[in-house]
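Trainee: Take a look at the letters that make up each chain.
There are 2 protein chains.
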Amino acid sequence: MTGMGSKQDALDAFRKLLGPKGYSDDPDVLSPWLTDWRGRYTGRAAAMLSPANSAEVSALVKIAAAHKIALVPQGGNSGMVAGATPDETGDAVLLSMRRMDQIIGFNEGERTICCEAGVILQNLHDVAASRGLRFPLTLGGKGSATIGGLISTNAGGTQVLRHGTMRALVNGIEAVLPDGSIYDGLSPLKKDNRGYDLKHLMIGAEGTLGIVTAANLQLVPALIDRCVIWAGVESPQAAHQLLLFMQSKLREQLEGFEILPRRALTAVLKHIDGTRPPLTGNHSWHVLMEIVQDDPAADAPGDIAAEIMAQALQQNLIEDAACSVNETQAEAFWKIRDSVAEAERAEGPALQHDISVPVADMARFITDESPQIEAAFPGTQIVAFGHLGDGNIHFHVKAPKDADPKNWYENNMAAISAAVYDRVTSYKGSISAEHGIGQLKVRELARLADPARLLTLRAIKKAMDPDGIMNPGKLVPLA
Amino acid sequence: MTGMGSKQDALDAFRKLLGPKGYSDDPDVLSPWLTDWRGRYTGRAAAMLSPANSAEVSALVKIAAAHKIALVPQGGNSGMVAGATPDETGDAVLLSMRRMDQIIGFNEGERTICCEAGVILQNLHDVAASRGLRFPLTLGGKGSATIGGLISTNAGGTQVLRHGTMRALVNGIEAVLPDGSIYDGLSPLKKDNRGYDLKHLMIGAEGTLGIVTAANLQLVPALIDRCVIWAGVESPQAAHQLLLFMQSKLREQLEGFEILPRRALTAVLKHIDGTRPPLTGNHSWHVLMEIVQDDPAADAPGDIAAEIMAQALQQNLIEDAACSVNETQAEAFWKIRDSVAEAERAEGPALQHDISVPVADMARFITDESPQIEAAFPGTQIVAFGHLGDGNIHFHVKAPKDADPKNWYENNMAAISAAVYDRVTSYKGSISAEHGIGQLKVRELARLADPARLLTLRAIKKAMDPDGIMNPGKLVPLA
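First to last, the protein sequences are chains U and L. Using UniProt numbering, you'd call the opening residue of the first sequence number 1 and step up by one each time. Using UniProt numbering, you'd call the opening residue of the second sequence number 1 and step up by one each time.
Hints are not guaranteed to be accurate.
[What the hints assert, rightly or not] Below, computed lysine to any residue pairings styled on SDA-like, alpha-carbon distance capped at 20 Å:
1) L:K249 with U:R131
2) L:K462 with U:D467
3) L:K249 with U:D294
4) U:K249 with L:R131
5) U:K462 with L:R453
6) L:K428 with U:N171
7) L:K249 with U:I224
8) L:K462 with U:R453
9) L:K249 with U:R453
10) U:K249 with L:E108
11) L:K249 with U:A297
12) U:K428 with L:S181
13) L:K249 with U:R134
14) L:K462 with U:R134
15) U:K249 with L:S181
16) L:K428 with U:G109
17) L:K62 with U:D450
18) U:K249 with L:A300
19) L:K428 with U:N107
20) L:K249 with U:A298
21) U:K462 with L:L455
22) L:K462 with U:L455
23) L:K62 with U:L455
24) L:K428 with U:Q218
To be clear, the hints were calculated from the coordinates, so they are not data collected in a lab. Since this is a predicted model, take the numbers as computed values, not measurements.
Please put together the full structure from these sequences, using the hints given.
Mentor: Printed below as a string of structure tokens:
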């Protein structure tokens, strides 16, 4: 209880404000939203609020501020670091943005779209496609992830090489700040120097500084054609040389550059129905590249791919390559890449790390650090795969084959992750490239972050959310 | 005096730390740096500090923090809003970054360069060119403006249409925070989701949150060829239609899109030696477009320009056009554009406004609002010119011909600027597109900013710089 009234008073006020469509404390309704996507964190909540518009978000935040009630914003609840899961006290309320799923506006000339935060990524893709355009950011959770969640986690995915992360695609936002005021920054200004950039501050803030309620997003022309290349290479170093070669030959048309080790391909072929080896030989490392065409004046991706791969072979940059000749084959190549996580799960549990270092250093990180981790934790196996073109890989550490995984992980998890993150930090890399910090990494961030960075994160959080009602316990390691 | 010691104690500590090369209180040495570029503000300073490296910046900020001495950071002192000019109390010290002018590193594969904050833009251009690359941001003050100043003001210029403002070209920064700690964010990570983005927070902060000491910057391939087109059009609306047409035909190859009214061209031809009319006819509005080639595989800019202008003529998008056939002619077209400010000065004083609205709305702003301003202030003339492709123009309001300009401006300046900024705000635009706020616009920002934005600016400033020692009186309208 506070001087401003009890928790029950707040809940009554929420119920009155939002009505039956916007308020629930039914345990059956809440239950699916209390556990994180990966199933590792489960919390409790006093209620779930589902506002219908920004005005309702503003009003409910004012109630929460007055009663010092913690709010846990949620989009699709498909984040990877438990950033949208409440703690176990049951004092917080869930703030679901899923009802706010309207497209607000569209500007054909500027290729921009304005939408509410609860729009699901797949729906945005569909709307853009219906206008002959494309929203280029895409990722596995596109059927559930919402625009607000993607903004609040600065989501990445497989097309970042060309189009950047979510940050690069957001022209403007509307957000409700921790005191309930509405910040209207939706206007898509290409130049605006009126002080600290609040848009960039809110992007990636994981709901700890306020609630993103709407956004103006950049669309790009629809794809006319694409070619997906699968190449076998000797090592991550060779893959990086290939990346530089491709970038010297191609500019905007190179949209994806992913690597996976033989081990990952073997697991996919073993566990995922309908997958076949793209190449006949046995290669240590594999690269998937996507060449696209969205400009009628540009050369056809298939022609480009054939010519460039011939040159790459001649220069010994690759051991072999196959270029997709139709969409079925392109999809088949991507399916292998996209199935690595699932296949690895079928092989046995793996401790996952979403890490980045400067692009130029990632090959060295993989080849130098993987054996050291395996040596330090005997019996483990590293599977490092993903977005080499962004300097971002998913670094999986698999338990020894003969170990009971549950016990083994309980005993070794913290030490292994610490060892990985120590090494990433020594490369001046990031312990969270694209997933965020959430609850999962908040202790490691506290341990490893530059003190100046920590100081600033805490100062900003405290200044903007002095009562700590915005998604407490996430992102910012409080002292 | 404070409990921590007197101002003289601080000055003694600065002198001891920095030595004769890094410390001066000689009035003759300080004098050129106490007046802003446009000559409208003159302040006083107790000394000028010129550190040689980041460690010295860190140490001097710690001294300033301990003694609560205000620091006014300065690069080339060529800003447009008096953001680097101290106040009149003489209590502040100037912090010149000009000695920190070293290139730190270069990565050919990634096309990145790392340099200290005091590197002058022209020097960076030269270093990039010597490596066969280009730093694309450029502006009139390139011979004096420093990288640190360009970052702290998120500078724009004429190539923003394709390459973005400074923000888009900064991969990482190092900065000294108000407590003297060094934030090392130089590592050029393409993906990094470890909380609030401190790089974006410091960019455009005008030195009010700390001192940018170094940066990792993105370079692009050198130009192979370019073609500058001069076109006559009927109206700003026609210019915007032409912009959309050009963007539908060209992607990366369109690098600049500028407009000027007949009035501005006439002034240039009258006052600037060696300029000639690019077209024979008499057009109400003029457009300068730059088409570039930096990819050997791309079509030649001259061929593209000729073909596209033929189409534009046929579709009545333009009245006439001339395409440069060599560099001399390209330079001559740009010289006209770049001389507008000087020619307008020769015509008589003008009150200048650096404003932006959404690109799609700028033509309407010019045609609807200009006559209203002229009607509200009889005898004034509007000259609106600049970066239409960015939705950013320089909106000059010229005094009546028969008025004594000095008196007239003293009596009308505040009212005219308020009228312009009111209209910009009603278009959800920005009262500072590319120049920043500094001292010049801080009152207007206080008057017109969204309360939620003001609240946040103040909260962040107070949290990060509680004693207000970092460039006080600039950017953030304190309550």
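Trainee: Taking the earlier hints as the rules, which of them does this structure contradict?
Mentor: The structure breaks hints 9, 14, 15; every other hint is satisfied.
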